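Starting from the given sequences, assemble the full structure and let the hints guide the process.
The listed protein sequences correspond, in order, to chains X and S.
Residue numbers are given in numbering that gives the first Met the number 0: position 445 of the first sequence equals residue 444, and the series is strictly consecutive.
Residue numbers are given in numbering that gives the first Met the number 0: position 11 of the second sequence equals residue 10, and the series is strictly consecutive.
By construction, these hints were calculated from the structure, which means they are not laboratory data.
Some hints here could point you the wrong way.
[As the list claims (entries may be wrong)] Coverage of chain X stretches by chain S, computed from C-beta distances (three or more under 8 Å per stretch; other residues unrestricted):
id : stretch
1  : 92 to 102
2  : 155 to 167
3  : 321 to 328
All values reported here derive from a predicted model rather than from experimental measurement.
Heads up, the beta-carbon is just placed ideally off N, CA and C, and yes, glycines get one too.
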Amino acid sequence: MSAGLLELGAAAARAEIDAGRLSAAELFDFYRDRAAADRDADGSGLGCFTWVAAEAPAGARDGSPPLAGVPLAVKDLFCTRGVPSQSGSRILEGYLPPYTATVVSRLAEAGAPLFAKTNQDEFAMGSSTENSGFGPSRNPWDRDRVPGGSSGGSAAAVAAGLAPWALGTDTGGSIRQPAALCGIVGMKPTYGSVSRYGMIAFASSLDQAGPLTRDVGDAALLLLHMVGRDPCDATSLEFPGSLATPTAERLDGVRLGVPGELSGEGIEAGVLDAFNAALEQARGLGAEITGVTLPHAPHALAAYYVIAPAEASSNLARFDGVRYGMRHIDDARPEDLVAMYTRTRHDGFGPEVKRRVMLGTYALSSGYYDAYYGRAQQVRTKIAEDFRAAFEEVDLIVTPTAPTVAFELGEKTGDPLAMYLNDYCTVPMSLAGIPAISIPCGLSEGLPVGIQIAGPAFSDARVLDAAHALEGALGFDGSAALV
Amino acid sequence: MSEAAAGNGAAPGGLEAVIGLEIHVQLATATKMFCSCALSFGEPPNTHTCPVCLGLPGSLPVANARAVHFGLMIGLALGSELAPRSIFHRKNYFYPDLPKGYQISQYDEPLCLGGALGEVRIHRVHLEEDAAKLIHVGASGRIHGSDASLVDFNRGGTPLAEIVTEPDLRTPEQAGEWLRLLRTTLRALGVSDVNMEEGSLRCDANISLRPAGSGQLGVKTELKNMNSFRFIERGIKAEIARQAKVIETGGTVVQETLHFDPDSGAITSLRSKEEAHDYRYFPEPDLLPVTIEPAMLEQARAAMPELPAQRAQRLTAELGLSEDSARALAFRGELAPYFEAALAAGADPAPEPQALANWVTVELLPRLQDGEDPGGSRVAPAALAELVGLVGAKRVSVGAARQVLDRLVSDGGDAGAIVEQEGLGAIGGGEELEAVVAAAIAANADAAERVRQGNAKAIGPIVGQVMRETKGRADGTEVASLINAQLGV
Ligand SMILES: [Zn+2]
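Now the structure itself:
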């Protein structure tokens, strides 16, 4: 059986287990071994994982839970009891939380046991996974290129067949962009639909967990067991309506809006070609393609890079060396509390984290708050209004997911602004809190291109349906990335 | 500046003190402000903690509905405007007692705005979380110079209501009295233990001086964390004197945060305005705004007890107490409950309410230790009621009753029984007293003669002897009239 295991997506593997043709233990061991081999490859692997289970968790194989025992890779920043949860940061090296994130617990109860933790940019700050304190991950389509980020480890692992599916988090594009760059499906659900309890926070008003999977059906299946109100997260909601495995194959009468602001200038030609070809496919499925305008979208990135760092500067204040994680004493001033704080944070945080903590601290400072944080929140409101107005005209909005295909390792590490532009098409949806999915829509220069489909708040099922129909017509083949 | 040089509470030299208070009240909820840990009362360190109140990575706060309910009750008691929507902010600063690196508090949209208690206007009331407790090992007892500092997170996250007054107070004594009224009000509400020594009620004072009668405000200093009523009055007094001296010697008062050391009476600077934190307040993204639903308001209204000011009015209206007596009882701690328990004790003869009020406030209270609750003393309410009833019926003289009260304070017991045992019952109208009076007149022939000749004041020595002979059991007025009768004047 194991020769064919790699070809099985998560939903297909679940069906095999339910039919008694495959055991959950066999599947767990298969992926555990593949992940462990990549992890042990030490530089020659993809660098997807920060931890791999030694054995299946007790109880994971009992009964016939809805997810049947299909193992789950989880981004490092989800707290997992007794398992290193470091959010890609040296300041949390070896940190073992005493509790497990709600969404990871829910999925384990539904029958998707944790088998590995995946690499990420430090505290989810980055678009290439090069900002990880534990070394970069690589893109299985081309190992000299980045897998995107910050959920780069999860995306690369799923694309390479080192995990049947994975959890990531998306703050400004951190699921959708690596999914696009690795040729897989990644979805950021509506803000509030999935509990954030146990996710090591980057920017609280934007962070949202979501699935990274080989196809839309798997994404829907995983998401189905993630959503729901959590009494431990005051910003979580009971998901209205129902999510189901999508079956749509046509887009008859569906109005797809293409915002000029996010589908022209700044987007690489090869990406635009693949995107436009996908629109033609959609038209062939019966969709109406129309232009829409999101007048404030060009300001989204600027607003995002005020709001997210501001929240991050506060969220990361707890890493002070007092209670957990790294504590570095200043040898010159061993008894000085402030020196301990300074030394610990100086040594523990990487340069991008320091940059954003400083940006955010500045934006919240007395005398600057109104000009920066206050103004950025106004822009955020305008962007949400833009989307509301656009959704009066169209059912869904489509854009390229990322402006470029996967770039080379080191290519943008010296130019933070160039790196930030990766989120140009994904950040507006994050600021508006609306659901958005990226599915692979073709290749450019032999590298995957993603198309993003976004809908109004809590239209996640509609987004998945449209993605499913388009996916069928596009017939993207990601097998070249399997290792 | 030493406390001894501070003199009395009034500001000297034509200056007037302007005082505002900031009071932190630990709310007596079952669980902490943002997690489900039970509140801690002296348990072993770090036993009432969880990922949320330890600020562990990934944890999130959830606001305690009971704390909001208590906040609304406080707002109702103070006549505040209750915000239909208020929001939590993060107040960012680094300190080891603050596990998240920020305190969740309220900033520009607090739960309650405005209001008044007595003559003092309320600026605002808001909810926040308490910090953890630092224990500094070593001689200094402060973080600087200690051998080690330990953090006990049991207290961290305890719900606090912060009550801020307008600067309507003028003297330390007034501040102390008002704070007692606030404490009584909060205790009546049942929202807090309001125990200053245990830290469930903590007070900071903002103090400035200005020329008496001026409408302008001077530069203020903030005196931090005084943990008893006595320290608050002493601390404010010392700070007024310090500022007055600065002004009198031609200096200017600097805006700063100060610490009052009750042992030495010294005031030291914690930080100046230049060193003040920039707290980088911003709306807490992990919490939704607090919206007050009509049902929550209804619930808070239904839970409101009789408040001290209302109780004072009732005592005057129903029992005919003087306003001063009624306020003295109702505004101070457990006096009113004690008084009402005594009144309801069914003593025979029954005490007259005003007389009973006087005995509680004028006789009993000064006999107790400073701040002691009469309900916790050996004097049972029924015993005091009986004693006052006996006085009213003239069966025990006032002097004898004071002796009985002394016995009740030291040993407790039954008033009637003590009167009986000690033979302190009044002697009046009978042959026994007539005989004592006759003997006293005989023994003071000179004085008696002068009384006969119209010198009324000369009666003193004769009365004195009668009282001595009767051990104070006789009524002074009756003794005087008996003497006069026997002398034929
Ligand atoms: Zn707790």
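Violations among the numbered hints, reported as their numbers in ascending order: 2
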